[in-house]
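**Student:** Just so you know, the protein sequences line up as chains A and B, in that order.
According to our numbering, the residues represented by the first sequence are 1 to 531, in order.
According to our numbering, the residues represented by the second sequence are 1001 to 1480, in order.
These are computed hints drawn from the structure, not numbers from a lab.
The structure presented is a predicted model; accordingly, all values stated were derived computationally and were not measured.
Careful: at least some of the hints might be erroneous.
[Stated by the list, open to error] Straight-line alpha carbon distances no greater than 20 angstroms define the calculated EDC-like cross-link-like pairs of lysine to aspartate or glutamate that follow: (1) B:Lys1057 - A:Glu505; (2) B:Lys1087 - A:Glu376; (3) A:Lys123 - B:Asp1333; (4) B:Lys1308 - B:Asp1333; (5) B:Lys1459 - A:Glu96; (6) A:Lys353 - A:Glu392; (7) B:Lys1268 - A:Glu495; (8) B:Lys1276 - A:Asp504; (9) B:Lys1459 - A:Asp93; (10) A:Lys256 - B:Glu1339; (11) A:Lys140 - B:Glu1378; (12) B:Lys1308 - B:Asp1352; (13) B:Lys1422 - A:Glu139; (14) B:Lys1422 - B:Glu1442; (15) B:Lys1272 - A:Glu505; (16) B:Lys1084 - A:Glu438; (17) B:Lys1272 - A:Asp504; (18) B:Lys1080 - A:Glu139; (19) B:Lys1181 - B:Asp1352; (20) B:Lys1272 - A:Glu206; (21) A:Lys123 - B:Asp1426; (22) B:Lys1203 - A:Glu96; (23) B:Lys1087 - A:Glu438; (24) B:Lys1456 - A:Glu95; (25) A:Lys123 - A:Asp93; (26) A:Lys475 - B:Asp1426; (27) A:Lys94 - B:Glu1463; (28) B:Lys1203 - A:Glu392; (29) B:Lys1456 - A:Glu97; (30) B:Lys1459 - A:Glu97.
[Unchecked claim] For each label pair, taking beta carbons as the anchor points, the in silico distance ranges come out as: (31) A:Pro502 - B:Gln1319: 13 to 23 angstroms; (32) B:Pro1260 - A:Leu493: 37 to 47 angstroms; (33) B:Glu1142 - A:Arg434: 42 to 52 angstroms.
Think of the CB as a built atom: it goes at the ideal place given N, C-alpha and C, for glycine as much as any other residue.
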Amino acid sequence: MGAPVAINGPIGERAITCSHSQWSTGAAEQSERVRAESMGSMVASVEEIGAAAAPQAVERRLGELRATFESGRTRPLSWRQSQLRGLLRLLADKEEEAFRALHDDLGKHRAEAYRDEVGVLTKSANAALREIGKWAAPEKVWVPLVAFPASAQVVPEPLGVVLIFSCWNFPLGLSLEPLIGAIAAGNAVALKPSELAPATARFLEENIGEYLDATAVKVIQGGPAVGEQLMEHRWDKVLFTGCPRVARVVMAAAVKHLTPVALELGGKCPCIFDAVAGRRNLQTSVNRVIFAKWSSCAGQACIAIDYVLVEERFAPTLIKLLKSTLKRFIADSDQMARIVNGRHFQRLSNLLKDPAVAASILHGGGLDAKNLRSIEPTILLNPPLDSAIMTEEIFGPLLPIITVKKIEDSIAFVRARPKPLAVYAFTDSAPLKRRIVEETSSGSVTFNDAVVQFGVDTLPFGGVGQSGFGQYHGKYSFEMFSHKKAVLRRGFLVEAMLRYPPWDEQKIAMMRHLFRYDYVRFIFTFLGLRR
Amino acid sequence: MVESRAAAVQELRARFAAGQTRPAEWRAAQLRGVLRMATEMEAEICDALHADLGKPKTEAHVHELSLIKSSCLFALKNLKKWMKPQKVPAKLMNFPSTARITPEPLGLVLVISAWNYPLLLSLDPVIGAIAAGNAVALKPSEGAPAMSSLLAELLPRFVDGTCIKVIEGGVKETTALLNQKWDKIFYTGNSRVGRVVMTAAAKHLTPAVLELGGKCPVVVDSNVDLHIAAKRIAAGKWGCNNGQACIAPDFIITTQAFAPKLLESLKKVLEKFYGKDPLLSADLSRVVNASHFGRLKGLMDEEMVSDKIVFGGQRDEQQLKIAPTIFLDVPLDSAIMKEEIFGPLLPILTVDKIHESFGLINSMAKPLAAYLFTRDSELQNQFEGAISAGGMLFNDTSIHLTNPYLPFGGVGESGTGAYHGKFSFDAFSHRKAVMNRGFAGEARARYPPYSAPKLKILKGVLEGKLGDMIQAILGFPRGK
């Protein structure tokens, strides 16, 4: 086949094409093993195993989702709760398989896989089970006296059949976290995992149907062609997590049926590193920067720290501490996830090929094209601001440090660039914190830590501007996949004659007062007592 | 002096970047300006509405001016509260930390308005955009030219014209505006143009609110106060711009047994409202223009429906007037039942049992509003559960849009997003999550090199086990 655009592809502005022959050796070996295993797998029919689902199969399965939703099956709270419990059982029973899939796809250590994906999902599903009654309950709202007798409510209802496009870097988390919200809201769901994380995609396809209601939740595997086919259909909502270039394609396709979309994109998340007081706090800050850059999927995360801004005079201290702490934390390559595939490896090594960029490498920089684990944690100092590494989202283990004269200059630096998903700052200064919140715009702001805001489900998670729109996590997941229906009930008891034609000045005057909820004036006018 | 469009957008961008639209005082001053305009320029506004639509003065006041004024007052009253950051509980597992949600303006907002309520649908979204601290460009509909030029002339006199601009024009100008980069687009109109707006929005990944329409059904049960029901249906249909309103009742569904009674009641009410010759009544808006008149004439004259007229049918092409016209049992595949009518034509469809109306409504696209007249609360509950619509109203029509505590917007083909009251403020804001962590309680368990003891503690923390959280905070496991 030709070289189609990768819909669930990499974060990055360059046109990158996908073709099955470009698999690296490691990945090809893995896919052999998985194919052998799946020969003996249960339940699924031949056309639905492993690689892309055939077009007719996709159509049939979508039809089933729509029929299931129309039947009302997904509406009762009891059904939704049983699905959430099913998900929790899946995560508990199949934890080892999940760790294995994440290790196959990304080389994630099980601690990272638990901390960032399995554990977070368990927390989220439990929270949804606890809160679902509250979220789904109609909310009474105030009605003005003029409408008496009347009652008004906002009633949440499911949108219908929703589509979730997941991404390869947190292939379990970015699939199941939105799924939790979609199910809690009472929808039927199609989940399209990224084909660039095939072991996890297979894990999902094999287990979702086992633990959840297979007529209402379906995993549809495949590459860009399947993605395009899916977008030909009418959905009641589409959530896309990925890069801006493909997001445009998805949003343009959504126009056909006026499908509402939510986009979770990325950006270059800056970390403003102020001179933090005290050795202990400074060390803690450096720990957290390393955690947010290298310990989260080797920097391949939408909320990873992309680059650091620090005052000139403080840069040497920061760099020294980064180097020494890195040595302790990431002593060998299996403490860090690997680069997902050969194409991304190439992209990252190209970032370093620029001579001016290569010259700015202070630490690391080593890589071996035959080994996807071999990109060392790399620190650069002041690469040119117009180089690719400073204009594209890095999504890898390379950390540019940009120096500024005064730390406050960072604010203008960040403002001059597209709005990122997160802004981070390590600082003791309350005025600096206030300025950062007020003068920069981003999906979120976190002080003195990074990435952890992801696990706080009382905070909405999502972007703004180029980093996307729509928010989820916690109750926001529920709302993302719901329609808030306004319902007003009136009675026949009281009838305001002044509403109806034929019109006259007195009726107009009375209505003016009513609309201002000025009941005293209304009564006067009604009784014919003018001012 | 009319500045060029590109220069206008550039100024909006510069002013927003300079922070001019952020302070609460500025926002309140603009809202007061709009309020003053709606108060001092009533006569001019009513004249423009009459010129564009033949809108009766009462409708101009009740449906447009009053609503704008109460919208301003509501926003002014609540502005400080809406702007305040909202603290949220930060989880124990992130101890110590605090978290809040801070609303911030999106930036540059484009509001594209419609012709049928040209004041309301222009200024109501603008009010929300201003309250949220944005810079705004308003493109009034060229279908209501008198109001468009009135807004272009008046608004700069009452508000800060450097940050709130009216840009007039037709398809060409609107297309050019859509090609600029906006931080939010708010469109009110039909789904065909809605698709054009969404396509343009996709280029810059701009979020959009689309307030579209649909065929708003009215189901009438026999268990009602018939006279009141007929009045409320008539007021919602012909008292709202003569049916040219997105939430006007589009068609009625009732039982075969009840239809004759309903029809009689409607006829009586219509004669009371508009007299024996409705084309002479000053209380009926005219059809907006010749093109729409032709469209409605086509719907009325279609062969399979023209013999189903049971009331009305009079028309005056010179005056662009069509009398309230009722049809009985038109075929479902007639044009009048396939597209949004947006005019004074009201089909009544009959079914055997009232529950059959549910299936009929669900076979169509989701409407902006669905109405049911019945005293039977069981039927009401069933309707609420079975029918999806932007909004729903029992025993009345249209008035739910005046309640600022109810979100107003569509679902499915009738649109996406909502506004009114605080929902307007939210539509034009970004809810920024802000988390503030302390340095104490450094959890070694989160960092590599990873180990089984660390994993055990992480599990406990994520499962909310207090013992593990304490260990994490105290820096266990010791050593690495």
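**Student:** A separate judgement is required for each hint: does it hold in the structure or not?
**Tutor:** For each hint, the structure was consulted:
1. B:Lys1057 - A:Glu505: Holds - the C-alpha atoms of glutamate 505 of chain A and lysine 1057 of chain B are around 9 angstroms apart, at most 20 angstroms.
2. B:Lys1087 - A:Glu376: Violated: lysine 1087 of chain B and glutamate 376 of chain A sit about 40 angstroms apart, past 20 angstroms.
3. A:Lys123 - B:Asp1333: Not satisfied, since the Cα-Cα distance of roughly 51 angstroms exceeds 20 angstroms.
4. B:Lys1308 - B:Asp1333: holds, 14 angstroms
5. B:Lys1459 - A:Glu96: holds, 14 angstroms
6. A:Lys353 - A:Glu392: With Cα atoms ~15 angstroms apart, lysine 353 of chain A and glutamate 392 of chain A stay inside 20 angstroms; holds.
7. B:Lys1268 - A:Glu495: holds, 17 angstroms
8. B:Lys1276 - A:Asp504: Holds. Lysine 1276 of chain B to aspartate 504 of chain A sits at ~19 angstroms (cutoff 20 angstroms).
9. B:Lys1459 - A:Asp93: holds, 15 angstroms
10. A:Lys256 - B:Glu1339: holds, 18 angstroms
11. A:Lys140 - B:Glu1378: holds, 19 angstroms
12. B:Lys1308 - B:Asp1352: holds, 19 angstroms
13. B:Lys1422 - A:Glu139: Between lysine 1422 of chain B and glutamate 139 of chain A the Cα gap is close to 15 angstroms, so the pair holds against 20 angstroms.
14. B:Lys1422 - B:Glu1442: Distance ~40 angstroms between lysine 1422 of chain B and glutamate 1442 of chain B Cα, so the pair is violated.
15. B:Lys1272 - A:Glu505: OK: lysine 1272 of chain B and glutamate 505 of chain A at ~18 angstroms, within 20 angstroms.
16. B:Lys1084 - A:Glu438: holds, 13 angstroms
17. B:Lys1272 - A:Asp504: holds, 14 angstroms
18. B:Lys1080 - A:Glu139: violated, 24 angstroms
19. B:Lys1181 - B:Asp1352: With a Cα-Cα distance of about 53 angstroms, the restraint between lysine 1181 of chain B and aspartate 1352 of chain B is violated, given a limit of 20 angstroms.
20. B:Lys1272 - A:Glu206: Roughly 68 angstroms between the alpha carbons, so the hint for lysine 1272 of chain B and glutamate 206 of chain A is violated.
21. A:Lys123 - B:Asp1426: violated, 28 angstroms
22. B:Lys1203 - A:Glu96: violated, 43 angstroms
23. B:Lys1087 - A:Glu438: The hint holds at about 16 angstroms.
24. B:Lys1456 - A:Glu95: Status holds; Cα separation ~14 angstroms.
25. A:Lys123 - A:Asp93: holds, 16 angstroms
26. A:Lys475 - B:Asp1426: Given pair lysine 475 of chain A, aspartate 1426 of chain B holds - Cα atoms ~16 angstroms apart, limit 20 angstroms.
27. A:Lys94 - B:Glu1463: holds, 17 angstroms
28. B:Lys1203 - A:Glu392: holds, 19 angstroms
29. B:Lys1456 - A:Glu97: OK: lysine 1456 of chain B and glutamate 97 of chain A at ~18 angstroms, within 20 angstroms.
30. B:Lys1459 - A:Glu97: Distance ~17 angstroms between lysine 1459 of chain B and glutamate 97 of chain A Cα, so the pair holds.
31. A:Pro502 - B:Gln1319: 13 to 23 angstroms: holds, 19 angstroms
32. B:Pro1260 - A:Leu493: 37 to 47 angstroms: Since the Cβ atoms of proline 1260 of chain B and leucine 493 of chain A sit about 26 angstroms apart, the hinted range of 37 to 47 angstroms is violated.
33. B:Glu1142 - A:Arg434: 42 to 52 angstroms: At roughly 45 angstroms between Cβ atoms, arginine 434 of chain A and glutamate 1142 of chain B fall inside 42 to 52 angstroms, so the hint holds.
Going down the numbered hints, you'll see the structure goes against 2, 3, 14, 18, 19, 20, 21, 22 and 32, while the others check out.
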